[in-house]
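Number of protein chains: 6
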Amino acid sequence: MKEVFVADLAKLDENKPFDGVFLVLSKQQRTTRAGKPYLSLTLGDNSGQIEARVWDVTDHRIAPDFEKGDVVKIRGCVSKFDGTLQLKVDMLRGVMEVEYERADLLPATTYDVAELWVKLQQAVASFTEPDLKRLVEAVLADPAVSGAFREAPAAKQLHHAWLGGLLEHVVSLIGLADRVVPHYPILMRDLVLTGVILHDIGKIRELAWATGFEYTLEGQLLGHIQIGASLVEKTMDALPGFPPRLKTLVLHMILSHHGKLEFGSPKLPMIPEALMLNFLDDMDAKMQTLMTEFQKSERMGRAADEMTDRIWALDQRTMLNSRAWLNADESKS
Amino acid sequence: MKEVFVADLAKLDENKPFDGVFLVLSKQQRTTRAGKPYLSLTLGDNSGQIEARVWDVTDHRIAPDFEKGDVVKIRGCVSKFDGTLQLKVDMLRGVMEVEYERADLLPATTYDVAELWVKLQQAVASFTEPDLKRLVEAVLADPAVSGAFREAPAAKQLHHAWLGGLLEHVVSLIGLADRVVPHYPILMRDLVLTGVILHDIGKIRELAWATGFEYTLEGQLLGHIQIGASLVEKTMDALPGFPPRLKTLVLHMILSHHGKLEFGSPKLPMIPEALMLNFLDDMDAKMQTLMTEFQKSERMGRAADEMTDRIWALDQRTMLNSRAWLNADESKS
Amino acid sequence: MKEVFVADLAKLDENKPFDGVFLVLSKQQRTTRAGKPYLSLTLGDNSGQIEARVWDVTDHRIAPDFEKGDVVKIRGCVSKFDGTLQLKVDMLRGVMEVEYERADLLPATTYDVAELWVKLQQAVASFTEPDLKRLVEAVLADPAVSGAFREAPAAKQLHHAWLGGLLEHVVSLIGLADRVVPHYPILMRDLVLTGVILHDIGKIRELAWATGFEYTLEGQLLGHIQIGASLVEKTMDALPGFPPRLKTLVLHMILSHHGKLEFGSPKLPMIPEALMLNFLDDMDAKMQTLMTEFQKSERMGRAADEMTDRIWALDQRTMLNSRAWLNADESKS
Amino acid sequence: MKEVFVADLAKLDENKPFDGVFLVLSKQQRTTRAGKPYLSLTLGDNSGQIEARVWDVTDHRIAPDFEKGDVVKIRGCVSKFDGTLQLKVDMLRGVMEVEYERADLLPATTYDVAELWVKLQQAVASFTEPDLKRLVEAVLADPAVSGAFREAPAAKQLHHAWLGGLLEHVVSLIGLADRVVPHYPILMRDLVLTGVILHDIGKIRELAWATGFEYTLEGQLLGHIQIGASLVEKTMDALPGFPPRLKTLVLHMILSHHGKLEFGSPKLPMIPEALMLNFLDDMDAKMQTLMTEFQKSERMGRAADEMTDRIWALDQRTMLNSRAWLNADESKS
Amino acid sequence: MKEVFVADLAKLDENKPFDGVFLVLSKQQRTTRAGKPYLSLTLGDNSGQIEARVWDVTDHRIAPDFEKGDVVKIRGCVSKFDGTLQLKVDMLRGVMEVEYERADLLPATTYDVAELWVKLQQAVASFTEPDLKRLVEAVLADPAVSGAFREAPAAKQLHHAWLGGLLEHVVSLIGLADRVVPHYPILMRDLVLTGVILHDIGKIRELAWATGFEYTLEGQLLGHIQIGASLVEKTMDALPGFPPRLKTLVLHMILSHHGKLEFGSPKLPMIPEALMLNFLDDMDAKMQTLMTEFQKSERMGRAADEMTDRIWALDQRTMLNSRAWLNADESKS
Amino acid sequence: MKEVFVADLAKLDENKPFDGVFLVLSKQQRTTRAGKPYLSLTLGDNSGQIEARVWDVTDHRIAPDFEKGDVVKIRGCVSKFDGTLQLKVDMLRGVMEVEYERADLLPATTYDVAELWVKLQQAVASFTEPDLKRLVEAVLADPAVSGAFREAPAAKQLHHAWLGGLLEHVVSLIGLADRVVPHYPILMRDLVLTGVILHDIGKIRELAWATGFEYTLEGQLLGHIQIGASLVEKTMDALPGFPPRLKTLVLHMILSHHGKLEFGSPKLPMIPEALMLNFLDDMDAKMQTLMTEFQKSERMGRAADEMTDRIWALDQRTMLNSRAWLNADESKS
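Protein chains in written order, with the working numbering: chain A, 1 to 333; chain B, 334 to 666; chain C, 667 to 999; chain D, 1000 to 1332; chain E, 1333 to 1665; chain F, 1666 to 1998.
This is chain A alone, in the form it adopts within the complex (with noise of 0.2 Å):
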């Protein structure tokens, strides 16, 4: 199991060796003004990232062959210049998987991912319209989906921006669902949680998480609106008899998620339940990104009284943290 993450380097006493596991995520020759080589590193988990030097390329001590996307141990030494930690990495070798788990590796969800899978299971076996139950149960019940489906983030640097991300993010709104939609008897429950669980599917292929989060080519050219749409229509068209109106409903909750033909959604919202679907996927991101600006602004040590960053979700506006500023003023008293 992994012992030092990146977060706690500060806490190191300077030049005082340790030894961590880490991912590589950048790797880049350079050459000191001196003329002599060396490697400049990015190596990072899912606590942060931090800048990394290996003065002596030739040194014995640092195997020659690792990448980026490698997962390596290092011993070496943090030290701070102007302010920014930097680490020294005197020895470097390659690791095997069972040495470490992937989940200490790259940023991940806080939930157990087993727990939310059962939630999700439960919400499916809710479903009394039979069709959209078996159909997603059938999405659900290929490996290459369950599998991708409890790994994939969200997004690549957006709201749920971590591995479970996906998962994560359609359990919340599993739950706002079924909150909201008793309030609104004319919405079909079923259809807008077949919405809510596959709406995202097409990310276990838009997305690669194995080494950062970055797009797959086909996800950049195709989408996950377009791989989603997809993948549901080929389950619908290998149940049999599965109704041809229903059938298009469902593909259009997909298609029409984003609610607006700008942010990439082939058609807008034109039946009650997509309406509803983007209205509550919007505002589950949203209230997700807040918590986490507002976590962010708290361990950066802002003031009760300081906004957060821009948030770009959020066209780039800063927002204030109302309870903590509320108690902030309360305490003086």
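A few of these clues could be false.
Claimed, not checked - Cross-link-like lysine-lysine pairs, in silico, DSSO-like; alpha carbons within 30 Å at most:
no.	chain 1	residue 1	chain 2	residue 2
1	F	Lys1951	C	Lys799
2	D	Lys1001	D	Lys1087
3	E	Lys1334	E	Lys1405
4	D	Lys1233	B	Lys580
5	E	Lys1628	B	Lys360
6	B	Lys466	B	Lys619
7	B	Lys580	B	Lys466
8	C	Lys668	C	Lys693
9	E	Lys1618	D	Lys1285
10	F	Lys1899	E	Lys1592
11	B	Lys619	A	Lys247
12	E	Lys1343	E	Lys1420
13	F	Lys1951	C	Lys926
14	C	Lys962	F	Lys1925
What the hints assert, rightly or not - Quick list of the computed label-pair ranges, beta carbon to beta carbon:
no.	chain 1	residue 1	chain 2	residue 2	range
15	A	Thr216	C	Ser812	28 to 36 Å
16	B	Asn348	C	Gly813	52 to 60 Å
17	E	Glu1431	C	Gly967	27 to 35 Å
18	A	Thr216	D	Ser1025	37 to 45 Å
Simulated from the structure, these hints should not be mistaken for laboratory data.
Small disclaimer: the values here were computed from a predicted structure and weren't measured.
Cβ atoms here follow ideal geometry from the backbone N, Cα and C, with glycine treated the same way.
Following the hints, position chains B, C, D, E and F against chain A.
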């Protein structure tokens, strides 16, 4: 009590006289080809409106001095021209307020206003934050406010454009908020509810609903956001020891609830509660619009596979009643 | 064979009876001032449409049970009212399919469909890239596709809005592509041509052209981009050993061919061939629109120095027929 | 009195010690490569700002407890590194308010504030409309307002971003209004002037200028339009018999003075005086920005045929000093 | 001299014949229900326009050969139909130019054109910059220019859309500029005035005003900015020794005076004088539009608390006549 | 002839002196930490640019008086710092024009300019419309034009931003036009070609290319559309009997060729030939940009599955070299 409604006139025998009480929505003097003057009226009640003609303006059975906005009792009969129903008026006189109920003459909420008001009071009673509780209580305790709050429409011609629409919209939002808020522990529940109850309070002076729904001049020049913020601020000023930070937050909720500068909010939501209020308000308004449009389509006898008219509040989209469409398919089998 | 066309009616003697076969585009029951019911019809064929009246709906010479979308044979005569031609119908009965050609009843391409089809086949035969060749062959080999491809309009009311318009547009694009592509060696010719042939294939299910041109419900909810991508993807899936990268590129061509998210493309063109397809499609659609508008202006007898009506597809601009304007000047000298 | 200004430092001999009073704009603890802590400061006054270093934080000549926002007296010397001037601090202590003038420490209007105030009073004295006169008098009679009005900048970083900038802007606008208003007899002069004087009054609470120019939290959440409207409305409420219509018009002037919803005005100008106020405000702000930018270019030694930097308030345009460019040409001849 | 104006016709007795001179704005041959041909005309003068009918086109008292754009003398009488005034024409003949004043037949400035021209000349005489002075003098010395400059409207249907409107607008702008320019010493007064006088000069060829106000084809294809820039450039080319830099600045003023690319300016204002010209032009056009709309509302008998119609030039806003509204309130007391 | 190019420097031995001729793109005096002055230069040629340092400014082997824009001969040697190549200059002197070819010092077309010019002449020779032929001949006959036309870049930093780029772009467009125009018989071929040849002619005065590519002040204030329209109009004015309508059409082609007001065209294309010119120009510019970006990616050693950088002219999209990506896949098999 009013016995004949505009929506019933199509079922009456042509040329058979009847009596009815209506609101005069417009009145114009015109001349026939032959040069003879006649009156063209628009008469309405809560079920719709109809064109009416007074062919002999000098008839002593026709009151000479009624105006737009008056309530009149008429005797006349209907006839159809080119598929359109028209009303010929033979007798017309003004009526006293005791002879009718205003609610019969303008479209009104289908809910019981007294019950809605109880729900609103229950929501206030459930507040645990004392300052917000006394604020909302103080606003609603003002007879000028509470009277108008029971009557005001929520809009001139969009969602909830009927008497009691404002209260109906607020009560629906209270229910919705109480479903959604617990899903996000970051939110201060009573602050969200305060926004829900007070965000549109300025509409009681922005709109006039005595004779049709119209903007007041004050409403046009200042808008309900400013009117409401001013009313609420004065109430807070009058409450001893109301916390200044809370005052700022409450005003910010009102100012930002439209969610976009282009929609007339001078500030964008910058706290979680304001962001949520904007989401809830938008969601409830659009879902209500959808229900109204589906009812309208049904009334017009549209088939299950026909879309609604273009809907202004949904960017001029047409929408499909998905449930009806699916059911129509099943009924064939 | 049909002998009398709507466009010819203006030349007939008023009040002289004639026989003709027309498509019923609308049918409404109305009432005269005197309360007598009559039928107001819109009758059409490929040359235009005209208002018609059946004054005596009980006449045994009038078939009682025809509907919108039926083809009927009528006897009647024309008259002008306030400059507008109107048709009085004295006899009306349904006709069998052998009594008319559908192409006579809806606007249709002025090209020979068989010849257009040969040109399309020749283009496919010229492919040198074997996988793309068998893909296009497979799509066109499907009888459901090839039949509809010969008939479908390219749009409901913009460019090529006539029977065979889709095929005519594609064949024009093939010719244009074969002119432009060699100018840019960077382009893979067969990939551009595959996009040209398949980009709008989804229109065969997005549109219905049996009685007037309309969107299907599936077309409204999914759109021709998604329908076409799905159809082509399934064909590629069924071809053994079709290269996955090529599959991604072909789908990308279809998804991105509208060139802008706002126009309903979920992806923007990201490869040279997709960029070129969007240019060619846009250019050909606009040039065709221009030619149609100039013909319309000429038919309306506009002078050479008058602009066309506002053209929707050209941002509501009016356009000048430059050649006609220049020639008009020379003819004076 | 302050003797050495930031703008003068470049002329001092390197390494020759001097004494000076500055405002601490930022303060950060850092560490050298060797691990030794030092202080990185930003020191400023009304002529600019400079980076400063305290290399020995334990030196008894360095006060241990100063903060961002304090005014300090330092002894030190300048040196240049890579073309950039830097300040090495050897002694540092806090100073008392009597030892400096705040105006020396923040950029301030170049006009005499007392004279500007007289001009403002003269404008009020010239009012002939009694209600507006007593309104403006009442607002300015509030010591909290009149004190802040003399000090406040007109913006954080755009036009008139200096102490006294708000008053300078308003007095310039008074002069401009008195030139333009008589050209349009449709305008009520005193209403325009009331808008000119009160439109930005909310900035006295939206901005803080004690240490640099920043938004207050109240300013961020409510904005100067709402703050100003509230302040003015309360003043009008307190004036016996103030005409309600006039009250609505005055508030409308304040609410609409930004001229566009996107600029944060909740209402667009709907009366001639509000339209004119928006024009005058926009014109004066842009002309002032232009003058500031030309001065900046001149200070930077730009040639007469060089454009300014991109100007945010002018849609990121660069501008040419036309007069200088013409004169440069004449001087050659 | 013309005695009867369209605006007077409502006061005439129905069926009592009168004689009048009007401009033929449109002429269409139509047919009655009974198949009889008649003429539908639109006749106009500077006070408005009216529909007219010639029921017997073969009557020898009706000139057979008049066209749209001709001036005719008619005898006829008025009648009202459904509240709309209509004119029955019994005699009609063409008239000679001596029989009428063109200014009577099209809306025209209410100012004395000769006086306006004098003011323009005085402005030119006041120039102190010799090159700009001889430029403006040279442009105005061209008889083709000076004749058209006195007649041209400033627009087809927006502000100053009447004969002499261009000159009236320019003279108003001169007055406005002479008020504002001294407020900003940065401005070169004569350059601003040169822009004021010449910016719209291209309208004398962009618009035609012989019979109604219309765009010329040259105007549509090139626009008044290009036409004006070309005319002024040729004049500068013909002036010996005109400074090249000044030439560039003058052309830039014309090219940029619309202030936005979307409004057809190929360049944005990049010198202070061009920025000011755009402000003055925009302000004067909008204030004039406002005055025109208020007069229109008054003519229509609108009450003091009614807003104007939506105004195109003010983003479709309605406006309130604030002075009238205030006065209406005082008159009650 | 120039022997050493910037792009070759990376291959030279570090510290081994070499001689080379370069253009001085920038020159700044700086100071070392130790207070010693040195020169920081940017030197460039048609293959790129590099930072250079002159450490001893008083060395007699360093010419004291060179400026930005001068061509200099230097002796020095390269070294790498942190992966970046830097040039240490030991000797530096100005050179005479005979010692170098300007084309070596700025990026230039890879085509033979003489051959491009012949192709242009052949296009003109092919004209059948005599007036357009003599117009284009007259423009190109002007030595000032024809000289600059051979040298000018087509842009400052977008497509064809190299010496001869304008001519290269025009010749490519001629070829493209001759392919496309016959596809649309509606088009007047020679009018399209006239637009192709003359649309960017104003760039010969809008841009300066003596030392780097920059806008002239005239170019910034007037733009190449206005400069070109003026130049062409004067040429047409000088041709006896040039038809006025044709003149209007030619000017319209130039004014509208950017296709959108936002792109600086004061008029949108309103004739078929202008619409086509805008399409061709846009297509050729974007295809050329694409080729340049693919070459850049290749030069940077990007893998076949990596996208390009964001491309400004393509709305900041990244693009994929589809052919290379497909081939990379095949090479694996």
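If you draw a straight line from the CA of Lys1334 of chain E to the CA of Lys1405 of chain E, is it 30 Å or shorter? This hinted pair holds, its Cα atoms lying about 10 Å apart.
Is it true that the CA of Lys668 of chain C sits at most 30 Å from the CA of Lys693 of chain C? holds, 22 Å
Has the hinted range 52 to 60 Å been met by the Cβ atoms of Asn348 of chain B and Gly813 of chain C? holds, 57 Å
Check whether the Cα positions of Lys962 of chain C and Lys1925 of chain F lie no farther apart than 30 Å. Distance of about 26 Å is within 30 Å: holds.
Quick one, are Lys1951 of chain F and Lys926 of chain C close enough, alpha carbons at most 30 Å? At roughly 15 Å apart (the allowed maximum being 30 Å), Lys926 of chain C and Lys1951 of chain F satisfy the hint.
So the hint says 28 to 36 Å: do the beta-carbon atoms of Thr216 of chain A and Ser812 of chain C match that? This hint holds: roughly 35 Å between Cβ atoms.
For the pair supplied as a hint, Lys619 of chain B and Lys247 of chain A, confirm whether the alpha-carbon distance does not exceed 30 Å. Roughly 25 Å between the alpha carbons, so the hint for Lys619 of chain B and Lys247 of chain A holds.
Can the restraint linking Lys466 of chain B and Lys619 of chain B be considered satisfied, given a maximum Cα separation of 30 Å? holds, 29 Å
Between Lys1343 of chain E and Lys1420 of chain E, does the CA-CA distance stay at or below 30 Å? holds, 16 Å
For the pair supplied as a hint, Lys1618 of chain E and Lys1285 of chain D, is the alpha-carbon distance within the 30 Å limit? holds, 19 Å
Restraint check for Lys1951 of chain F with Lys799 of chain C, where alpha carbons must lie at most 30 Å apart: Roughly 28 Å between the alpha carbons, so the hint for Lys1951 of chain F and Lys799 of chain C holds.
Within 30 Å, alpha carbon to alpha carbon, are Lys1899 of chain F and Lys1592 of chain E? holds, 27 Å
Violated hints are absent here; each numbered hint is respected by the structure.
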